[in-house]
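Student: Let's have the full structure, built from the sequences with the hints guiding it.
Protein chains: 2
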Amino acid sequence: MAKQNAHFYPVILAGGRGTRFWPLSRKRRAKQLLALNGKRTMIQQTVDRLRPLAREKQFWIITNEDLKVEIGRQLPNLARRQTVAEPAGRNTAPAIGLAAFILLRHDPAAVIGMFPSDHVVADDKGFRTVLQRAVDLAALGENIVVLGVQPTRPETGYGYIETGERTQKDLFRVRRFTEKPNRQRAEEFLASGRYFWNSGMFLWRADTLARALREHLSETAPYLEQIAAAFGTRKFEATFRRLYPKCENISVDYAVLEPRSAKGEHASNLFCLPVNVGWNDLGSWAALYEYSARTKQNGAENVIRGANSFTLDAEGNYVHAPGKFVATVGVSNLVVVETDDALLVTTREQAQDVGKVVKYLDEKKMTKLV
Amino acid sequence: MAKQNAHFYPVILAGGRGTRFWPLSRKRRAKQLLALNGKRTMIQQTVDRLRPLAREKQFWIITNEDLKVEIGRQLPNLARRQTVAEPAGRNTAPAIGLAAFILLRHDPAAVIGMFPSDHVVADDKGFRTVLQRAVDLAALGENIVVLGVQPTRPETGYGYIETGERTQKDLFRVRRFTEKPNRQRAEEFLASGRYFWNSGMFLWRADTLARALREHLSETAPYLEQIAAAFGTRKFEATFRRLYPKCENISVDYAVLEPRSAKGEHASNLFCLPVNVGWNDLGSWAALYEYSARTKQNGAENVIRGANSFTLDAEGNYVHAPGKFVATVGVSNLVVVETDDALLVTTREQAQDVGKVVKYLDEKKMTKLV
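Chains as they are written, first to last, in the working numbering: chain A, 66 to 435; chain B, 66 to 435.
Each hint should be verified, as a subset may be incorrect.
Put simply, identical chains are the same to the list, so a pair is met inside one copy or across any two.
[Unchecked claim] Straight-line distance between alpha carbons at most 30 Å, and here's what the computed DSBU-like set of lysine-lysine pairs gives:
#, residue 1, residue 2
1, K429, K104
2, K104, K433
3, K421, K300
4, K133, K433
5, K190, K430
6, K122, K421
Hints in this document: simulated from the structure, not taken from any laboratory.
Tutor: Now the structure itself:
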């Protein structure tokens, strides 16, 4: 039975653009705001998944001005102040750091969980069981806990966590974080059994994170503290707008976690807790196809989001055409996505290149389409 | 300089359904009513092409009830009585036969030209030059003239005309009409130089055709004569509805021309006049792609009917998505067509199977989609 932790604050990072889901994703309708794998959007699913572990008023959303209004619409139970819109994107370290400094002023025992807003988990209940353990471990003091996903393939698109000593059942010390490997390294990682995918989900006490930021981002931390001090006052917007862009544009992994693991002396408090709960970052239309096809009964079939469909000599296709009758004849492994103003035709293999379409549209200043 | 022939009556057959252009073509918006290769629809282009050779009041359109209203809209200069809607489809022999019997009552010197409504011709002027010669030949008396297209490939989808003696410059006697050949036969036809594609365009005097029908369709001809006698009276609709469905369902080629050529004794009045004017029957989305790509400058490229487009590692695709931005990434030789209610994804190679989608929709009684 899940419990609502009085000091656990889920901080959901929702400032990404998710261009690889173009033409469905747009600047004001980023991936996390789309219902890609069901009726609820990715960010709604993220909140739904975490809600049994924390009261709604403990949630924080970090996003940008383009997305703030739509997020408010999708999460009507959160108060307006729980959604912070960055005046400029500065990656995860300033975002989560600001949350830490704000929370610390109100709850010295705060435990922060950092969560992407655009991933899916098949086994929500199993996920919460592991997460509750992570919250408890982080609450103990200096511990930093990262959720690691058991790799199932030599994926070259993710960062990996190398683990060392196993200190408890399914709890490992972190030796180091690694960048995306090449294919050969990824295969070695998979074979060794000591590597986990970096899920981007971290847990710390707010004071632990604040201390780490003061140590490793000594120029940025004071800006964040000043912004946090203004939070809830009339000065906040102006202070935020003035100081936040001065913060270093850096990920929390790179700013805080990697130096710690590399140095070694601090490594003792970095832990990896594996999660085997059907995690998927849905990084592209191809990933969405695989996720959708996997969860259906009849194998590697077509995934058709339409009113109705007819298929002849066609397999492995992903077609998104809501409300339309979709006929696929003699085609395989395609991705076809249509919206009111755009049509994408690509292959599952090349679906990661969809970002290049958005780049083109950006360059051509075809702003209505991005 | 083209002249308007006082006795030349173009009869345009516009009752076909053209299911291979689904989802653009529908029961009430058949292929001939679509603007597939320009701004004018196929039937508008057909009339435009012939207009220099005959006054508008000399045109006849044979169609069905589903298409009659839209044809009236597309050809506003034709009087309502010039469009005849068959109460039941009975192929070309009864259709052109009825036209012959009607015309004969008003103009004993009438020369009828039978024309499909859904083909294209690149060189309209060249076409008219040949056609004027055909009109003149047909007007002479018993002659039946068929326009033959010089084959450019061993096409197995067309009927062929085997020619015999060359009687004048570019005028041949017809030896026989053949059904669609297999590949080997088609290659032999192409190599021999004596075969032409049957364009479906025929010319006769109305009295010649009437005589042939009385001879070869002795049961059907009296029905047609009765219907023709009622034309222009209040009895016409009822008579038409009662008798036309009793007519034999047969093509004019099969009913009149093939028996004549096979018998031999009548062969002397059957002539083939070659036309080399960029004729194309646009039989499928693939044919439309080839026609459209051929008429553009830069080779075997993508043909995109959209508001705008972006292409990466993509070639040989036909995409129809009017008003939309179309992105093709890493795909080749596809056909993608979208309408308000449907999306077709197929290959140029398998585009001829699109009719099977319509068959499925017919069977499922999804009437809005057909």
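Student: The structure should be examined with respect to each hint, and the outcome stated for every one.
Tutor: Status of each hint after checking the structure:
In this homomeric assembly, K429 and K104 come within 30 Å of each other (Cα to Cα) only across copies, at 28 Å, whereas the closest approach inside a single copy is 34 Å. Taking the shortest alpha-carbon separations for K104 and K433, both the intra-copy value of 25 Å and the inter-copy value of 27 Å come in at or below 30 Å. Within a single copy, K421 and K300 get their C-alpha atoms no closer than 40 Å, and across copies no closer than 67 Å, so neither meets the 30 Å cut-off. For the homomeric pair K133 and K433, the shortest alpha-carbon distance inside one copy (19 Å) is at most 30 Å, but the shortest distance between copies (41 Å) is not.
When the C-alpha separation of K190 and K430 is checked against a cutoff of 30 Å, the pair qualifies neither within a copy, at 45 Å, nor between copies, at 44 Å. In this assembly of identical chains, the alpha carbons of K122 and K421 never lie at most 30 Å apart, being 39 Å within a copy and 56 Å across copies at closest.
Taken one by one, the earlier hints fail for this structure at numbers 3, 5, 6, listed in ascending order.
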